[in-house]
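Quick mapping for you: the protein sequence lines, in order, are chains A and B. Okay, so the first sequence: first residue is 11 according to my numbering, each after it adds one. Okay, so the second sequence: first residue is 272 according to my numbering, each after it adds one.
What the hints contain is simulated information worked out from the structure, not anything from laboratory work. Predicted model only: the values in this text are computed from it and were never measured. Any given hint might turn out to be false.
Said to hold, decoys possible - Here are a few chain A residues that sit away from chain B, every Cβ distance over 12 Å (derived from the structure):
(1) D77
(2) P139
(3) L183
(4) N246
What the hints assert, rightly or not - Derived list of chain A stretches under chain B, where covered just means 3 residues or more per stretch with a C-beta under 8 Å from a C-beta of chain B:
(5) 126-132
(6) 140-154
Where is the CB? At the ideal position from N, CA and C, for every residue including glycine.
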Amino acid sequence: MSVSMRQARALGHGLIYLIVSVGAVAMLFPLLWTVSTSLKTVDKIVVTRIALMPDPVAWNNYVKLFDRMDVTKQFTNTMTIVLAAEIGALAICSLVAYGFACIDFPGRDIMFILLLSTMMLPGVVTLVPYFIMWDRLGLVNTFYPLIIPRFLAHNPFYIFLMRQFFRGLPTDLFDAARIDGCSDLGIWRRIVLPMSMPVLATVAIFTFQWAWNDFMSPLIYLSGDKHKWTLALGLNALKGFEGETTVHFQMALSVLMIIPVLVVFALGQKYIIQGVTFSGIKG
Amino acid sequence: MAAQSSASVATLESRATQARLSRWRFRNRRWVGWLFIFPWVIGFLIFDVSALVLNFYLSLTSFTVGARAPQWVGLANYERVFVQDKLAGVSFMNTVYYVGLSVPLGMAVAFTLALLLNAEIRGRGVFRTIYYLPSLVPVAAASIIWLFIFRTRNGLLNLFLGLFGINPVPWLARPEWAKPALVLMSLWFFGQQMVIYLAGLQGIPTELYEAADIDGADALQKLLRITIPLMTPMLFFNLVMGIIGSFQVFTAAFLMTGGGPMNATLFYMLHLYNNAFRYFLMGYSSALAVVLFVVILALTLFVNKTSGRWVYYGGT
């Protein structure tokens with residue numbers, strides 16, 4: 011019986027292997043195809059059979075892409091937004107989370123319930139009013155509509171995530187610090203933040219992915235000014251050139267957009283898995 | 272003796288000051304707490320409360336970006352959503368089609384792969400990473416990539432199908448194929464969900480399976496009686512988030528089809544975007560937004576209400 015069971019298990023594993031391998035190829039192939047196409051010469055882009063290896067390898071495509079549009083500027087613009095989002099998430103949201111987690115003040119619980127309820131608010135109902143607000147302030151085609159909400163901790167999910175973590179920290183430490191005359195700001199900076207590196211790393215990575223991948227907000231607020239474009243808007247513009255082949259450029263820019271996300275993933279894999287599983291939320 | 276008493280007086284005094292201090296601190300901390308959450312409170316008042324109120328108000332006006340002040344029109348915008356504007360109905364049904372197909376399919380694929388990759392096979396860490404990678408790709412880049420893959424003539428997908436003798440499929444060129452194509456593309460992103468399920472699977476106590484083995488349960492019984500019931504909280508969560516997210520699908524349709532062919536991929540969010548940022552009909556767009564908001568809210572509440580019957584919440 012044990013022999014047949016072992017055989018059955020081996021067979022089962024073989025089957026799983028087969029399914030999983032086929033699936034893995036299907037998942038990876040579009041990415042490989044993107045890299046491959048980004049390195050093909052224009053006349054080789056349209057193929058009649060699947061040829062993964064570009065021949066000749068046109069590294070020049072990337073150089074020409076930079077000649078064609080200001081990718082460097084788009085990169086720094088994207089990074090500006092990412093950086094602001096990081097400061098907002100790590101500095102401001104963590105302050106707010108400290109308030110909710112470590113200070114007992116009247117009205118706290120009701121405010122926290124309000125915070126949680128905003129997590130379920132679909133973005134669709136705020137799309138138009140935001141635009142009208144920023145338009146009235148004359149701030150369309152500036153980075154402010156994308157930055158100011160971050161500085162006002164307008165990200166209930168991060169606050170929630172950090173608040174949960176802060177509550178798990180030993181309160182004895184806070185009391186000891188308080189007796190030694192440490193202020194709340196000091197406790198936040200000297201005790202809570204250094205002890206919360208895992209959750210801060212998770213939030214930092216989520217923030218990066220989210221801000222880097224965002225398409226709709228830059229489209230609404232920045233597409234009117236070429237010099238404020240993000241990489242995603244650059245991609246959108248490349249697609250728009252009718253009648254000429256820009257596919258190799260589109261793929262090259264896509265590759266350039268994907269690389270930083272992969273680097274961040276490689277560096278912070280542990281924290282991503284931890285964050286995804288903790289929150290159960292989709293990016 | 273005198274020294275002792277003075278010492279005790281000193282402790283008494285210091286106790287009194289400490290009490291005063293702690294009273295002061297307590298009173299102080301009442302506003303210190305508010306000080307800490309102050310940035311969020313401001314953001315909440317502006318970006319949640321005011322925005323929500325403004326959206327409801329605008330939906331009762333004929334406001335456009337050029338106009339000075341909103342003109343009150345009552346419920347005319349809503350009448351337009353439900354009666355005059357045929358595209359609103361079309362885009363809503365398109366979205367329902369998309370949500371109805373992509374959410375369950377995505378959940379099924381993610382759950383199945385999580386089960387397979389929970390088995391102790393060699394290199395499963397590598398496989399997990401491979402399945403997770405596509406979900407990292409920015410949606411804008413993914414849309415551009417799949418636009419190329421979906422080409423009717425010599426697109427990657429049709430070249431692949433050609434290997435099996437299948438004729439080229441007009442993926443994004445024909446109305447009947449465009450929505451399935453976008454659903455297919457959405458499946459590329461199941462990795463994030465899969466990771467959640469994997470974590471859940473690892474949390475199931477092995478004793479349960481051992482007990483089932485002793486009772487002579489087969490693999491299917493274990494799956495149906497142990498694994499799936501214990502995974503229902505995660506399935507529930509992903510169902511709710513999937514519904515909220517997919518109802519607001521935008522980028523793929525915007526970049527890949529622009530809503531075509533023949534409005535087959537005109538999703539509700541795209542229709543709203545067109546009205547707001549192409550035609551600048553802010554009042555009407557606000558009404559569109561309110562309708563979608565109510566639909567999402569109702570669906571979420573409905574799923575929540577039924578959850579008592581199928582979601583397992585631990586212990587008792």
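Inset, instruction - Classify the label on P139(A) as holds or violated, using whether its beta-carbon is more than 12 Å from each beta-carbon of chain B. - result: About 4 Å separates P139(A) from the closest Cβ of chain B, which leaves it inside 12 Å; violated.
Legend entry - Outcome, coverage of the segment 126-132 of chain A by chain B - at least 3 residues whose beta-carbon is closer than 8 Å to one in that chain: Check passed, 4 qualifying residues.
Legend entry - Given coverage of the segment 140-154 of chain A by chain B, checked by CB-CB distance under 8 Å (3 or more): holds (count 5)
Inset, instruction - Confirm or reject the statement that L183(A) sits farther than 12 Å, beta carbon to beta carbon, from all of chain B. - result: holds (17 Å)
Legend entry - Minimum Cβ-Cβ distance from D77(A) to chain B exceeds 12 Å: With a cut-off of 12 Å, D77(A) remains clear of chain B, as the shortest Cβ separation is near 20 Å.
Inset, instruction - Could you check that no beta carbon of chain B comes within 12 Å of the beta carbon of N246(A)? - result: violated (6 Å)
Comparing the model with each earlier hint shows violations of hints 2, 4; every other hint is respected.
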